[in-house]
Amino acid sequence: MVPTAWYLVLSAVLFAIGVAGVLLRRNLIVVFMAIEIMLNAVNLSFVAFARQLGTEDGQVIVFFVMAVAAAEAAVGLAIFIQLFRARETLNADEVTTLRW
Amino acid sequence: MAVDVAIACAKAVFMILLVLQVMGLGVFFERKVSAVIQDRIGANRASIFGFAGLGIVNTLVADPVKFLLKEDVTPAGADRFLHFLAPILAVVPAVAAFAVIPFGDVLEVGGRAIQLQAAQLNVGVLYVLAMTALGVYGVVLAGWASNNRWSLLGGIRGSAQMISYEIAMGLALIGIVLTYGTLDLQSMVRQQGALLWGWLPAWGILYQPFAFVLFLVAGVAESKRIPFDLPESESELVSGYFTEYSGAKHLMFMMADFVEVVLVAALVTTFFFGGWQVPFLLRDGFHVAGQVYELPAAWIVVPALQVTSFMVKMIFFTWLQIVIRWTLPRFRYDQLMRLGWQGLLPLGLVNVMATALAILLWGTTA
Amino acid sequence: MSVLVFLVLAALTVAAALTVILHRNPVYSALALVSTLALLSCFFVLLEAYMVWALQIVVYAGAIVVLFVFVIMLLNVQSDERALPGPGTVVGVAGGAGLLALLIATVAVRGVTANPPAVGAGFGTPEHLARRLFTDYLVPFEVTSLLLLVAIVGAVVLGKRRI
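Protein chains in written order, with the numbering used here: chain A, 1 to 100; chain B, 101 to 466; chain C, 467 to 629.
The set of hints was computed from the structure by calculation and includes no laboratory data.
The hints are all genuine.
Among the chain C residues that face chain A by a calculated CB cut under 7 Å, a handful are:
no.	residue
1	476
2	594
3	603
4	613
5	617
6	625
Stretches of chain C that chain A covers, calculated by requiring three or more beta carbons in the stretch to come under 8 Å of a beta carbon on chain A:
no.	segment
7	477–485
8	497–508
Fair warning: this is a prediction, and the values are worked out from it, not measured in the lab.
Heads up, the beta-carbon is just placed ideally off N, CA and C, and yes, glycines get one too.
Please put together the full structure from these sequences, using the hints given.
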């Protein structure tokens, strides 16, 4: 059996990797992927706690997180498509002004 | 402990071999059934010492050897790693989906009860959907990694088609899940052993005929067979997303195609036609109209009969898909997408609601 | 035994996550993301959350990342050029490391280091999850379905050439 704290440490590591990705990368799609890693790290925490406490509430929350992440990914990527059509670039350094 | 591991490995190996053999048989069927439909003889030239075996030597020996000996070409400017990875991502999920398909009841030998299902998951249906979802990567990466405009077009079309019809497949399956009250395939097949009114085997087709049609259509579309084979359309896009593949990698894509055909056949058998159930056969023999006909050595004969029945049904549905392929013309892409989103999706929802209403009024089978 | 499995999987997951944020080619990042999600789903199995495991693969690895890959291919996103480590890199690495230190300190002080107690049969199965979802969490469930509808409409509208 693996103690719950180990899962939390793994979740922390993945969350930190996600944060580093958001801060490090300039390509917006990779930034979005780093956000997904953060969401998944949190999912892991929830499921670990659900197991620790013996109720399935954590897993239900994970269900909702997944649904919201899917919705967010769809809308976010649609926004990226519009952004790309307007600016021809997906580099975060080059989309800094509101108009040209 | 070691014996359990060995049994699990044996079941997995059996399932993989079963899939590969039926796939090989499917290729042979394809040649011969298409020949019968088109009023010709089919492939019968390749022979070993004059023995052509109706063309089996061609399909089972000559064809694979030819593919494996061809030169493996990666197009210039293509991403080598992705080009190598795409056929693997196409084949592996398709074969892996067979892990949850039950091919028999229980084999009781040496004091052990061996469940004849490679992986007894309580979320079997979701696992099948998951493996189908992962199969999209092979298609889209093959199109992208070929550095070829037409391959990319075929890849995008193929993956858009696959994810659209996954939804239709899922909705058809919800009707079945509602009927049997479980996501476990072995439990579904066991419930289909019941007899309606004392004489009719309670197969899924009697409870969910509409879902059967939806699932079959969605399954054929998911495996990109004609009439849904626009991503591969031999007369339009050369070979679509696997144009730039030769040799063993091309063989992997064709294998993936046939393995998915066999998967759809196996799923249709499991959900709608009783899986391994032989009508009136229980674990000790035939129970017909109150009479019990005991079978000798029932511990091995009954599972053998069940496995045979499963394979016969699976081969029948493979044959059915091949006949469909060689009979119908191809859909245009917008017709295909319209059928998926504006045809099968609403019909699937109607099926779910009708099933739920029926369960409310008349109760489930469980 | 499960400790060994956990450590191996954890090492692979961290490696995959690092590949996501460090690789130059966005397609490889997307594939590494699929690997990360699939490996995370293995942890869900270790934690006896079977339904969540299947949902993770179907929804995350099988749909969301496919959407990512689609968009990358549609927009023909190229690999990033190798840039010199600038102030952004320092902030990124420092931020990530600082956050990690903070979180691990929290876990070390207040984390549960005992093995979790055994759970009843049927924990994490679809039946139990559905029971919780449709009784205690019914309102969030309905609101989520509304959210998904809004997201679908939003994505379709935002994807048009002429809004």
